Amino acid sequence: MTATAVRGIGVPVKRKEDPRFIRGKGTYVDDIKLPGMLFMDIVRSPYAHARIKRIDVSKALAMPGVIDVITGEELAKANLAWMPTLMGDRQMVLPTDRVVYYAQEVAAVIATDRYTAADAVLAVEVEYEPLPPVLNPFEALKPDAPLVRPDREQKSNHIWHWEAGDKEKTDRVFQEAEVVVAQDLYIPRIHVASIETCGCVANYDPATDKLTIWMTSQAPHAHRTVFSLVTGIPEHKIRIISPDIGGGFGGKVPVYPGYVIATYATLKHKKPIKWIEDRSENLQADSFARDYHIHAELAATRDGKIRGLRVHVVADHGAFDAAANPSRFPAGLFSVCTGSYDMEAAHIQVDGVYTTKPPGGVAYRCSFRVTEAVHTIERMVDILADELGMDPAEIRFKNFIQPHQFPYKSPTGWEYDSGNYPAALQKALDMIGYQELRREQAERRARGELMGIGISTFTEIVGAGPSHTFDILGIKMFDSAEIRVHPTGAVIVRIGVQTQGQGHETTFAQIVAEELGIPVEYITVEHGDTDTAPYGLGTYASRSTPTAGAATAVAARKIREKARLIAAHLLEVSPDDLEWKDYAFRVKGAPDRYKTMQEIAFAAYTNFPLGLEPGLEAECYYDPPNLTFPFGAYVCVVDIDRGTGQVKIREFLAVDDCGTIINPMIVEGQIHGGLTMGMAPALFEEIVYDENGTMLTGTFMDYLLPTAVETPHWKTAKTVTPSPHHPLGAKGVGESPTIGAPPAIVNAVVDALSHLGVRHIDIPITPAKVYRILQEKGVAE
Amino acid sequence: METLPIQVTVNSRTYTAEVEPRLLLVHFLRDVLNLTGTHIGCDTTSCGACTVLWNGRPVKSCTVFAVQVDGGEILTVEGLERDGQLHPVQEGFWEEHGLQCGFCTPGMMMTAVALLNENPDPTEEEIRKAISGNLCRCTGYVNIVKAIQYAARKLREGATVHVGGA
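Just so you know, the protein sequences line up as chains A and B, in that order.
Taking the working numbering, the leading residue of the first sequence gets 5, the next gets one more, and so forth.
Taking the working numbering, the leading residue of the second sequence gets 336, the next gets one more, and so forth.
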């Protein structure tokens with residue numbers, strides 16, 4: 005078998021999932037149609053904060069085609085009015101007495117078709133007594149602030165306080181420091197807005213006493229466990245199927261009230277119930293990301309050596325703490341905010357706060373607050389460079405963790421596995437022609453033109469995670485793979501993670517192809533069905549390749565070890581006399597005597613050595629020894645229009661290092677998409693509420709996703725620094741560009757305006773915001 | 336609810352149906368004809384996931400009533416492949432990794448087909464402008480542009496395709 009035939013690791017294999025998608029034959033949740041299926045639609049609150057005085061469902065119920073209207077009062081009788089969140093808080097499924105955010109679920113209508121259900125939503129009469137909204141987390145922390153969550157024992161809007169690092173040492177470093185810079189940064193609330201919204205088809209079959217839920221889920225097994233705990237239905241009687249998922253980006257990790265109500269409805273009516281959000285419901289009520297109010301300080305020597313970082317964050321989590329962070333990390337992995345730089349000390353504090361907004365702090369192609377961390381340090385380093393009159397590239401080279409320092413213990417306790425930061429930045433600067441750009445900038449500036457160059461040299465932290473530290477609701481964050489080699493040498497692989505477009509059906513097949521020497525076209529990868537796939541925590545936080553990818557490699561290697569015994573039997577030699585080379589077991593010293601995996605597989609069922617268990621299967625539950633730390637060096641060049649304030653990205657180069665690359669085509673695609681989702685909040689996207697807490701950005705006409713016109717032609721390059729602890733050396737890549745891009749863009753815009761005394765601009769950097777600055781500085785045209 | 340009779344040709348096959356006047360074309364295609372390749376991504380004619388060709392012109396089928404297309408011809412993603420032969424646009428999306436989750440893909444491809452019918456040799460800028468009514472959250476558009484360029488090349492080289500619907 006040759007590498008050309010196998011098409012294993014490192015080959016840009018065309019995706020195995022594409023033939024169904026390009027034919028319109030994917031199966032997304034809304035494509036599922038069952039006999040007798042009913043439709044659910046949801047009545048939502050027009051107030052951010054109100055007491056519910058009365059719900060009158062009589063008019064809705066009288067409409068032809070309306071089967072039922074479900075309220076919180078009814079759910080309360082079934083003990084389902086509240087559900088646990090993945091962060092150990094609890095969340096209303098349907099309210100019994102009050103609503104705590106705009107567009108909150110208030111009641112659910114069940115009808116024979118979706119149009120009737122939508123009509124009936126309008127016929128449900130709800131009488132509210134408005135209460136004062138709590139929209140600003142700083143106001144929420146004041147003692148006289150209205151209480152968002154009177155159901156809690158603790159009678160304040162403060163959720164938790166979390167710290168990392170060494171306070172005393174950090175304070176000492178700041179006292180001694182020659183230079184200290186400080187900055188407030190706000191990273192606004194944003195929404196993942198995957199093009200497919202969320203929804204489910206819940207079907208309880210009384211004949212088999214089995215509940216099946218097709219669901220837009222990034223974590224079907226975890227959701228099955230939650231559903232079992234919430235409903236009391238034994239876990240083997242629940243089957244969750246994630247069919248094709250139209251983008252996730254973390255927005256399909258939480259359990260939404262709609263899923264639970266649809267499940268209750270199918271149990272009650274014994275008919276399939278379909279619930280599909282429309283776009284406004286999705287944008288208004290599903291989980292949000294960011295909303296981080298950051299105060300950061302950097303201490304340094306006068307010649308630019310960073311000594312310490314001190315950060316305090318007030319995090320707006322909305323009305324329920326429904327994020328999906330590992331339980332010991334309510335602020336996610338934010339404490340990785342010392343970034344790519346070696347420093348003596350850091351101290352990080354985060355306070356989580358309730359407000360009358362939908363659950364926040366969840367995800368936007370980064371689940372664990374790494375985007376916020378990278379934004380903080382990459383902005384602060386530029387601010388320090390500005391303070392000291394240093395070039396932003398120079399200050400980074402001066403402070404990088406050096407290649408020989410890995411594994412590197414960060415001041416907040418992380419052990420970075422591997423990296424070569426200077427090499428990545430040097431490559432980026434050389435490729436983009438940094439010195440030439442600086443010269444051009446000086447010339448343009450002399451002519452009054454506004455051009456900026458921004459750098460971001462980020463360190464990502466993914467692959468959660470090792471069981472000693474990482475769990476969600478107590479479930480350790482391992483992941484899994486199960487491989488069966490059939491007699492003819494064809495293979496089925498089942499994994500515990502769940503693709504939403506990342507191409508798992510291809511990359512995981514390539515891993516097995518590489519490890520077993522079986523051509524990739526003979527390998528099928530399945531996932532997303534809890535009845536068949538092994539238990540796993542799902543796909544988010546760039547964890548699939550670091551965890552389930554490792555599990556797949558290890559399971560394949562278990563198969564290979566058994567195959568060695570069978571090959572030895574077939575070749576009539578001792579197993580020790582064999583070596584795995586060029587995709588076959590070969591007799592040492594006589595490489596022409598060999599057995600391929602295909603021959604061995606047939607023998608595993610037809611001619612296995614006496615005493616050996618027949619068959620050729622293996623599984624692995626992989627508990628990663630550490631996280632992985634991908635990194636990158638990004639350079640962004642912008643031009644600013646003095647007449648409109650418009651920022652145009654002229655050029656953007658991303659040098660990424662995600663360790664070993666399994667499929668370079670897919671990795672490049674992930675980077676393109678991630679960069680676009682990094683640019684989006686940097687320049688366009690922001691969720692906005694008015695003073696009443698009404699959301700103003702509930703459609704794609706107000707919440708601006710980048711189109712092909714605004715998106716630049718991304719340029720990508722790579723360095724490869726394998727992870728020393730991952731079986732394949734792979735690190736994960738999906739989120740790197742989304743965390744690395746925003747500061748590169750902001751740094752470029754600020755750089756374009758730095759000679760006017762501009763040191764920081766909060767995102768999104770809209771034309772209006774820039775134009776106001778140009779006016780203030782007297783350079784607007 | 337009052338219904339109206341319509342006759343519409345979808346992917347070269349003629350259907351007659353009684354539909355509510357308010358039934359959207361996208362729901363007619365998906366729920367009545369079971370052609371679920373056309374997707375719904377928003378309610379405001381913004382995302383383009385539901386794009387189909389109506390008498391050869393791309394329209395967002397969430398903003399067209401089924402009764403409006405009475406007597407017309409519709410081409411959906413399911414009608415692109417002919418006699419087991421992928422349309423060059425489909426081929427291009429596969430070859431150039433122009434899709435990830437696949438949800439926007441059918442609408443994106445229909446817009447591309449309409450563009451190439453009108454302009455067989457578009458520049459990158461023309462392609463980007465043509466697909467600016469179709470949102471993709473996964474790919475960052477670079478490979479979608481390449482996919483459409485691939486299809487344009489293939490079509491210019493004289494691939495025999497029947498694009499139908501017009």
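These aren't lab readings, by the way, just hints derived from the structure by calculation.
If you're wondering where the values come from, they're calculated on a predicted model, not measured in any experiment.
Possibly wrong hints are sitting among the right ones.
Said to hold, decoys possible - Below, simulated DSSO-like cross-link-like pairs (lysine-lysine); rule was C-alpha separation at most 27 angstroms, straight line:
no. : chain 1 : residue 1 : chain 2 : residue 2
1   : A       : K431      : B       : K489
2   : A       : K431      : A       : K652
3   : B       : K481      : A       : K722
4   : A       : K480      : A       : K413
5   : A       : K63       : A       : K275
6   : A       : K18       : B       : K481
7   : B       : K481      : A       : K20
8   : A       : K173      : A       : K18
9   : B       : K481      : B       : K464
10  : A       : K18       : A       : K566
11  : A       : K81       : A       : K274
12  : A       : K57       : A       : K37
13  : A       : K652      : A       : K722
14  : A       : K719      : A       : K18
15  : A       : K18       : B       : K489
16  : A       : K57       : A       : K29
17  : B       : K489      : A       : K29
18  : A       : K652      : B       : K489
19  : A       : K20       : A       : K57
20  : A       : K773      : B       : K464
21  : A       : K173      : A       : K214
22  : A       : K566      : A       : K592
23  : A       : K214      : A       : K37
24  : B       : K489      : A       : K562
25  : A       : K37       : A       : K275
26  : A       : K719      : B       : K489
27  : A       : K773      : A       : K652
28  : B       : K489      : A       : K20
29  : B       : K464      : A       : K652
30  : A       : K214      : A       : K309
31  : A       : K241      : A       : K272
32  : B       : K489      : B       : K464
33  : B       : K481      : A       : K29
34  : A       : K652      : A       : K719
35  : A       : K722      : A       : K20
36  : A       : K214      : A       : K275
37  : A       : K719      : B       : K464
38  : A       : K309      : A       : K402
Each hint tested on the structure:
no., hint, verdict
1, A:K431 to B:K489, "violated, 36 angstroms"
2, A:K431 to A:K652, "holds, 24 angstroms"
3, B:K481 to A:K722, "holds, 21 angstroms"
4, A:K480 to A:K413, "holds, 23 angstroms"
5, A:K63 to A:K275, "holds, 23 angstroms"
6, A:K18 to B:K481, "holds, 15 angstroms"
7, B:K481 to A:K20, "holds, 19 angstroms"
8, A:K173 to A:K18, "violated, 52 angstroms"
9, B:K481 to B:K464, "holds, 14 angstroms"
10, A:K18 to A:K566, "violated, 31 angstroms"
11, A:K81 to A:K274, "holds, 18 angstroms"
12, A:K57 to A:K37, "violated, 37 angstroms"
13, A:K652 to A:K722, "holds, 25 angstroms"
14, A:K719 to A:K18, "holds, 21 angstroms"
15, A:K18 to B:K489, "holds, 18 angstroms"
16, A:K57 to A:K29, "violated, 47 angstroms"
17, B:K489 to A:K29, "holds, 24 angstroms"
18, A:K652 to B:K489, "violated, 33 angstroms"
19, A:K20 to A:K57, "violated, 54 angstroms"
20, A:K773 to B:K464, "holds, 26 angstroms"
21, A:K173 to A:K214, "violated, 57 angstroms"
22, A:K566 to A:K592, "holds, 18 angstroms"
23, A:K214 to A:K37, "holds, 18 angstroms"
24, B:K489 to A:K562, "violated, 45 angstroms"
25, A:K37 to A:K275, "holds, 12 angstroms"
26, A:K719 to B:K489, "holds, 25 angstroms"
27, A:K773 to A:K652, "holds, 14 angstroms"
28, B:K489 to A:K20, "holds, 22 angstroms"
29, B:K464 to A:K652, "holds, 16 angstroms"
30, A:K214 to A:K309, "violated, 63 angstroms"
31, A:K241 to A:K272, "holds, 16 angstroms"
32, B:K489 to B:K464, "holds, 21 angstroms"
33, B:K481 to A:K29, "holds, 23 angstroms"
34, A:K652 to A:K719, "holds, 16 angstroms"
35, A:K722 to A:K20, "holds, 25 angstroms"
36, A:K214 to A:K275, "holds, 12 angstroms"
37, A:K719 to B:K464, "holds, 20 angstroms"
38, A:K309 to A:K402, "holds, 7 angstroms"
This entry does not satisfy hints 1, 8, 10, 12, 16, 18, 19, 21, 24, 30, going by the numbered hints stated previously.
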